[in-house]
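Top line first, the protein sequences correspond to chains R and C.
Adding 31 to a residue's 1-based position in the first sequence gives its number in my numbering.
Adding 274 to a residue's 1-based position in the second sequence gives its number in my numbering.
For the record, the hints were derived by calculation from the structure and aren't laboratory data.
Check each hint, because a few of them may be wrong.
To be verified - Away from chain R, derived, C-beta distances all over 12 Å, residues of chain C:
#  : residue
1  : E279
2  : Q280
3  : S282
4  : I287
5  : K291
6  : T294
7  : T300
8  : Q308
9  : Q312
10 : L344
11 : K376
12 : Q381
13 : Q386
14 : K388
15 : P389
To be verified - No more than 30 Å apart at the CA atoms, straight line, and that leaves these computed lysine-lysine pairs for DSSO-like:
#  : chain 1 : residue 1 : chain 2 : residue 2
16 : R       : K38       : C       : K376
17 : R       : K96       : C       : K329
18 : C       : K345      : C       : K277
If you're wondering where the values come from, they're calculated on a predicted model, not measured in any experiment.
Don't be surprised by glycine CBs; every beta carbon is placed ideally from N, CA and C.
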Amino acid sequence: SAVISQKPSRDICQRGTSLTIQCQVDSQVTMMFWYRQQPGQSLTLIATANQGSEATYESGFVIDKFPISRPNLTFSTLTVSNMSPEDSSIYLCSVILGTVNTGELFFGEGSRLTVL
Amino acid sequence: SQKIEQNSEALNIQEGKTATLTCNYTNYSPAYLQWYRQDPGRGPVFLLLIRENEKEKRKERLKVTFDTTLKQSLFHITASQPADSATYLCALVRHGSGNTGKLIFGQGTTLQVKP
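Just chain R, with the same shape it has in the complex (with noise of 0.2 Å):
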């Protein structure tokens, strides 16, 4: 299994600013996925974060608005950029450990953002 540290665990943020979100894991991992969970909403896939290289963003998700870093194995953040009030969600990283694609995800705790 994974240990994953996500900072902050939950902010309270104004209309217009930006909020960096990082993840931490304990141990060095081949993929890194950030996901958004709306209120009363399933979880949706924003971007793969991928080690030395830019993210890999999913429909509907650009970088201006998610840029994402990964500079290294272990770590990475995503950054909620210009927030809206509809940007008030979970943010969620998660992981796939080793090598050997057993599907499994581990999930961080999440950090809850409310834009005001």
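Knowing the structure of chain R, use the given hints to seat chain C on it.
Same frame as chain R, but now just chain C:
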């Protein structure tokens, strides 16, 4: 359109009974399907994975079935306990190595087990 649907109404059952949760999907061809548990304020926790060529998977009190003809998965918890109360999410992964880790989630069903 592509959809993955779970019963949005909460499921209330008595302790000791079997809980059965349903996950239906349309216009997907999943390589495999997973079930996760999510407690309030926590991230999802992996429970079981079942592949398209498997009919049934078991783990302790949990059982998952997968019917690709009906496009449905059933998740069973036998001898349910109040500690099983949580939201259960189903998620599928489409074929293709590029889709590894890219889960498509249902909205989840909340289970409440009463003592």
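Against chain R, does C/L344 hold up as non-interface, every C-beta pair farther apart than 12 Å?
The claim stands: C/L344 keeps its Cβ more than 12 Å from every Cβ of chain R (closest is about 21 Å).
Can we trust that C/K388 is non-interface, i.e. its beta-carbon lies farther than 12 Å from all of chain R?
holds, 23 Å
Please settle this one: C/K291 was flagged as non-interface, so is its CB more than 12 Å from every CB on chain R?
holds, 27 Å
Minimum C-beta separation from C/E279 to chain R exceeding 12 Å: can you confirm that?
violated, 10 Å
Confirm or reject: C/K376 is not an interface residue toward chain R, with every Cβ-Cβ distance exceeding 12 Å.
Its Cβ does come within 12 Å of chain R, the nearest being 6 Å, so this is violated.
Is R/K38 close enough to C/K376, meaning Cα to Cα at most 30 Å?
holds, 23 Å
Far enough from chain R: is every CB of that chain over 12 Å from the CB of C/Q308?
Check fails; 6 Å does not lie beyond 12 Å.
Would C/P389 pass as off the interface with chain R, using Cβ distances and a cut of 12 Å?
Holds, since 27 Å exceeds 12 Å.
With 12 Å as the threshold, tell me whether C/Q280 passes as away from chain R on beta-carbon distances.
violated, 9 Å
Within a Cα-Cα threshold of 30 Å, do R/K96 and C/K329 meet the stated pairing?
It is violated: about 42 Å lies between the C-alpha atoms, which goes past 30 Å.
Just double-check C/T300 for me: nearest Cβ-Cβ distance to chain R has to come out over 12 Å.
holds, 15 Å
No chain R beta carbon within 12 Å of C/S282's:
violated, 9 Å
When held up to the earlier numbered hints, the structure conflicts with 1, 2, 3, 8, 9, 11, 12 and 17 and fits the remainder.
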